[in-house]
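Q: Sequence:
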Amino acid sequence: LVTSLMIYNISMAIIISDIDDTILRYGKYPIKKTVDYLNAMAATHTIVLITGRSPSQEAQTRASLKNAGLKYNRLYMNGSKMSDNEFKGAKAKELKAAGNTITVAIENNPAARAEYRKAGVATKHPDSLPSTAQKMTRYV
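Going by our numbering, the sequence shown opens with residue 744, and the numbers climb by one from there.
Do not rely on the hints blindly, as some may be mistaken.
Said to hold, decoys possible - Calculated pairs, DSBU-like style, for lysine-lysine (alpha carbon to alpha carbon, straight line, at most 35 Å):
no., residue 1, residue 2
1, Lys824, Lys836
2, Lys776, Lys814
3, Lys776, Lys836
4, Lys814, Lys771
5, Lys836, Lys775
6, Lys824, Lys861
7, Lys809, Lys775
Calculated directly from the structure, the hints in this document are not laboratory data.
Construct the entire structure; sequences and hints are all you get.
A: Structure follows, in structure tokens:
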């Protein structure tokens, strides 16, 4: 679990994704389209999950992501006093400040998407992702 401000340069471009109602429905049921998209992109991108979930939910979160079959590289959980949306925007700014390239943030919450855009990160709603692996490699 990475919750501190220790952010460093990651060699591949980053795709950020939220978890709840983006990767998992009701906290544990995989949203296939998003999982398939992120898994297809994992070969060429670093997959970074930024969630408003508390670090006390780490074990349950990791188990649900494993059960969903998701390939990801980093998990940032909100152990701060910031709102979930502020936390997501701040984490994106930190990643960019460390010299990382962020391709897109996938997020269902409009307020969180606004925070990412304030941080200079393009956003996509998970419903806008392609539904077949063949189309995915051309999407980003």
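Q: When the hints from earlier in the document are held up against this structure, which numbers fail?
A: As far as the earlier hints go, not one is violated by this structure.
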